[in-house]
Amino acid sequence: NAGVTQTPKFQVLKTGQSMTLQCAQDMNHEYMSWYRQDPGMGLRLIHYSVGAGITDQGEVPNGYNVSRSTTEDFPLRLLSAAPSQTSVYFCASSYGAEAYEQYFGPGTRLTVT
Amino acid sequence: QQPVQSPQAVILREGEDAVINCSSSKALYSVHWYRQKHGEAPVFLMILLKGGEQKGHEKISASFNEKKQQSSLYLTASQLSYSGTYFCGTEDFGNEKLTFGTGTRLTIIP
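Order-wise, the sequence lines are chains A and B. Quick note on the working numbering: the first sequence kicks off at 1 and runs consecutively. Quick note on the working numbering: the second sequence kicks off at 1001 and runs consecutively.
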């Protein structure tokens, strides 16, 4: 099993550009989520999904969109990149929504200039 | 609202013990603990559930005080490999979100 994979590993965007961060898992997990990590802020939840076709907002959803058309994939879209979105983005998956171990992908380091 | 972790950072000599605390203002269903090494993804350590059930697979122990909505992670006889940032994550009832604290940086020196 590859576990949770994320692409790209690094990305530089100009302000106003859009892009999609890819996340995939091969463990047949129902629950997937996106976090951003900034120095001193810990991990903050952006969006999450409890299954294909179902998504919901986390703590910091503004400026991001998600969709979940399959169990395996959970892409994160930045609509119009801003310098405040410079961060490390982690995708995670787990068997279920509550009290299950979360498996994290390796992360995407995004810089917006 | 993020749980509060303390201390923010701690430096230990190899073989010493450490306690990391996590507290929340909400009634909790579970508390998760993860460790993250520099430049890597967080890795699961342990889950503690309301009612006392503990799920984990590392030689590190933890407690969960349901009345105070507090959890503590105990690292005994620390090893160099324990270095990293430790995060607690909390789930409250009826909420499918895992909310992380800001982390505790642990440095182990020989």
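These are calculated hints, taken from the structure and not from any lab test. Check before you lean on any hint, since a few could be wrong.
Unchecked claim - Listed next, the in silico DSSO-like pairs over lysine-lysine satisfying Cα-Cα at most 30 Å (straight line):
| hint | chain 1 | residue 1 | chain 2 | residue 2 |
| --- | --- | --- | --- | --- |
| 1 | B | K1026 | B | K1050 |
| 2 | B | K1068 | B | K1050 |
| 3 | B | K1026 | B | K1097 |
| 4 | B | K1026 | A | K9 |
| 5 | B | K1037 | B | K1026 |
| 6 | B | K1068 | A | K9 |
Hints violated by the structure (listed by number, smallest first):
4 and 6
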